[in-house]
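Asks: For reference, the chains in residue letters:
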Amino acid sequence: MAITFTDAAAERVSAFLADRGKGVGLRLATKTYGCSGMAYVVEFADEIEETDTVFEDHGLKIIIDPKSLVYLDGTEMDYTKEGLNEGFKFNNPNESGECGCGESFTV
Amino acid sequence: MALFQISEPGETTSIDAQGKQLAAGIDLGTTNSLVATVRATSIHEGDGDNRRAETLADETGESLLPSVVRYCENGKIEVGKIAKNVQLDDINNTISSAKRLLGRAVGDIKTLGGSLPYNFSDADSNVPKIQTIAGNVTAIEVSAEILKTLKNRAEDSLGGPLKGVVITVPAYFDEAQRQATKDAARLADLNVFRLLNEPTAAAVAYGLDQKNELDERIIAVYDLGGGTFDISILKLNKGVFEVMATGGDSALGGDDFDHAIATWILQESDSDLTHHAMSEARRVKEALTNKDNVNVSLESWQSTLSRAQFDKLVASLVKKTLLACRRALRDAGLSKEQVHDVVMVGGSTRMPVIREQVAVFFDKPPLVDIDPDKVVAIGAALQADVLAGNKPDEEMLLLDVIPLSLGLETYGGLVEKVISRNTTIPIARAQEFTTFKDNQTAMTIHILQGERETVEENRSLAKFALKGIPPMVAGAARIKVTFQVDADGLLNVEAEEETTGIKSNIAVKPSYGLTDTEIEGMIRDSMDNAKADMEARRLREQLVEADRTLEALDSAMKTDADKMLNEDEVTLLLEARSKLHDIKENSQDSVEVKLATKHMEKVAEFYVARRMNDNVKTAMQGQSVSDFADTDN
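Protein chains in written order, with this note's numbering: chain Z, 1 to 107; chain S, 1 to 633.
Hints are not guaranteed to be accurate.
Away from chain Z, derived, C-beta distances all over 10 Å, residues of chain S [unchecked claim]:
no., residue
1, Q5
2, I6
3, S7
4, L64
5, N74
6, Q210
7, D215
8, H276
9, D292
10, R307
11, K312
12, E432
Below 27 Å or equal to it, Euclidean Cα-Cα: the simulated DSS-like pairs (lysine-lysine) are [claimed, not checked]:
no., chain 1, residue 1, chain 2, residue 2
13, S, K238, S, K417
14, Z, K81, S, K463
15, Z, K81, S, K211
Source of the hints: derived by calculation from the structure; they are not laboratory data. Please read these numbers as outputs of a predicted model, since none were measured by experiment. For glycine and all other residues, C-beta sits at the position ideal for the given N, C-alpha and C.
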């Protein structure tokens with residue numbers, strides 16, 4: 001399995017990376033947090049660790065640490081607009097439920 | 001599912017994160033600007049809150065940045081003191097008080113008077129452009145330079161990029177002026193969490209929003225700056241600040257107090273050295289803050305000015321500010337006794353005479369502990385800290401409310417309110433509407449602001465059309481209209497026909513600002529006219545009902561009058577029709593229209609019944625009773 005971007009997400013990530021002027025790719029991770037157990041982390045990556053897994057999609061590097069990979073494998077990242085908000089969305093097949101605020105999820 | 005933004009490595013927003021988000025509050029002033037931020041300090045003050053807001057100083061230790069920008073021939077841009085010092089020598093290229101021009105149209109500038117020393121470009125644009133040696137610049141660009149300087153100062157001092165800022169604006173700023181402020185921030189590459197009213201920021205700096213012992217708190221903010229005076233009356237209710245009234249004088253400030261002393265000096269010394277007298281006056285005024293008597297000199301002339309003498313010289317100026325306070329209170333419908341707190345803002349409120357007189361006027365000592373030059377920036381920094389997510393959840397988030405209801409026009413000139421006044425923002429609310437006529441393929445969405453029931457009595461904000469509605473019978477189309485107001489009070493309206501997904505939308509152009517006084521007036525109007533409005537609504541509703549009845553009759557007669565009615569019956573119906581039509585056109589009485597409509601319906605009853613029977617007959621033709629029995633099972 002792999003981690004992928006939708007066209008919209010890839011476009012935004014490229015634009016953000018170009019704006020920032022540095023960085024090797026995008027780091028996705030999970031951490032324990034919130035009412036439902038896990039939360040997503042989306043960060044620019046400046047370094048790749050030895051233990052990281054790197055996926056390539058739309059010419060962009062997606063960097064994931066081994067602990068997070070089990071929760072994220074198969075995830076598609078999307079970029080959408082919802083009402084007043086816009087941002088990245090995780091379409092994660094491992095997710096079995098999320099909490100009311102949407103900040104955290106369970107697998 | 002929440003939406004995510006990309007964070008810098010290790011900076012993912014989270015409550016348990018080690019590092020706090022960097023955020024700042026900016027007081028973008030007419031004369032001076034400041035930036036402040038909340039930092040963890042080792043000194044505990046009060047109840048264990050170890051994060052304190054402080055203004056950030058430049059390398060010379062100066063917090064105040066003069067809001068002056070100079071455009072040089074070589075393309076260099078100077079901001080602050082360096083620009084202010086050469087202002088008189090390079091008056092055309094050195095822009096000060098740009099804030100007065102923010103969000104103003106070319107036409108407005110003319111009414112601001114020829115007092116501005118700049119050459120405005122005649123270019124074909126609605127935004128006034130100032131001609132400088134480096135090309136034309138707008139007030140937005142000038143403000144952006146000031147913001148950039150403050151941004152750099154903050155990032156240098158905090159050691160990282162700012163996640164976002166809160167910028168303060170006067171309470172009376174309209175949407176155009178607020179939008180212009182946001183545009184300036186965007187040019188300066190700043191992420192604006194939100195704009196905050198200056199008086200609200202001052203109240204936040206004193207922590208008034210955290211005091212919960214009262215359900216409702218009335219706060220007066222007295223802001224006497226270098227060149228302007230503002231009084232704002234705020235109401236704080238469950239963490240929500242509402243501006244109840246504003247007032248003041250855009251041409252009254254500390255400079256006028258200097259002028260009063262300078263005039264005295266010139267008279268006493270029989271001199272005409274105006275410029276020197278002004279700078280001496282300023283020194284004397286500031287010295288009198290801490291002393292009872294100050295020596296005054298102008299060349300060879302020497303004298304002393306006592307505080308009592310000074311108080312007398314400026315008594316009329318002080319009185320002017322108190323009159324504005326009285327007016328603002330009256331506008332807010334409050335008495336002096338109802339004010340819980342008085343907050344002092346602006347360097348000129350350091351004058352003892354001001355503090356004394358304000359205390360006497362409101363019959364309570366004003367809050368003066370926080371440096372009045374910095375209090376607004378400090379409040380903005382506290383707010384930015386909350387919005388950056390650096391505070392525990394339980395702390396209340398400061399919210400704003402929309403001052404007037406927003407709605408749209410429905411058939412018959414009535415207004416359907418979608419978002420009612422005093423709703424906290426941001427907010428999105430949707431309502432479903434339908435078509436009025438058969439085969440109606442377009443719908444005009446007319447957005448209105450105000451509390452009254454009819455279109456004419458409310459303020460028209462914008463109009464747009466939703467086209468391409470599929471032809472359907474009246475009432476079958478489902479049109480969802482969504483009103484969204486973002487955190488800064490900007491409105492976006494979208495209409496969607498739900499069966500086809502056809503959409504149309506509009507962002508309300510920001511040139512429709514209202515002053516708080518106008519808003520107050522509109523609200524009061526709606527109360528004064530509540531009864532008349534209700535009758536007007538009833539009448540309109542009856543007229544719509546009458547229209548619908550006439551419409552239905554016309555359409556029925558067009559289809560089958562020749563088959564179902566004899567001549568007498570046609571005459572009878574047409575007579576009743578014209579009677580209702582006449583009443584509808586001329587009556588101002590809802591009851592009369594209602595009765596006429598009912599009468600018309602009664603006259604037409606036989607025809608309706610006949611048509612219905614006919615329809616049923618047509619539907620049942622060629623089917624046996626057992627068929628119906630089957631479908632029933």
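Asks: Next step is simple, just say for each hint if it's right about the structure.
Replies: Right, here's what the structure says about each hint:
The beta carbon of S/Q5 is not kept farther than 10 Å from every beta carbon of chain Z, the shortest such distance being approximately 5 Å. At roughly 5 Å, the least C-beta separation between S/I6 and chain Z is not larger than 10 Å, which violates its mark as non-interface. With a closest Cβ-Cβ approach of about 5 Å to chain Z, S/S7 is found to fall inside the 10 Å limit, against its non-interface label. For S/L64, the condition that its CB be more than 10 Å from all CB atoms of chain Z holds, with the nearest at approximately 32 Å.
Taking the minimum C-beta to C-beta distance to chain Z, about 27 Å, the non-interface status of S/N74 holds against the 10 Å cut. Even its closest Cβ contact with chain Z, about 24 Å, leaves S/Q210 beyond 10 Å, as expected for a residue assigned away from the interface. Every beta carbon of chain Z lies more than 10 Å from that of S/D215, the smallest distance being close to 28 Å; the non-interface claim holds. Here S/H276 stays apart from chain Z, with its beta-carbon at least about 53 Å from theirs, past the 10 Å limit.
At roughly 57 Å, the least C-beta separation between S/D292 and chain Z is larger than 10 Å, which holds for a residue marked as non-interface. No beta-carbon of chain Z comes within 10 Å of the beta-carbon of S/R307; the shortest separation is about 54 Å. Separation of S/K312 from chain Z is adequate, the least Cβ-Cβ distance of about 56 Å exceeding the 10 Å criterion. Non-interface status of S/E432 relative to chain Z is upheld: no Cβ of that chain comes within 10 Å, the nearest being about 18 Å off.
At most 27 Å may separate the alpha-carbon atoms for a hinted pair to count; S/K238 and S/K417 meet this at roughly 24 Å. About 25 Å separates the Cα atoms of Z/K81 and S/K463, which keeps this hinted pair within 27 Å; it holds. Of the pairs offered as hints, the one joining Z/K81 and S/K211 is violated, with about 37 Å between alpha carbons and a cut-off of 27 Å exceeded.
Of the numbered hints given earlier, the model fails hints 1, 2, 3 and 15; all others are met.
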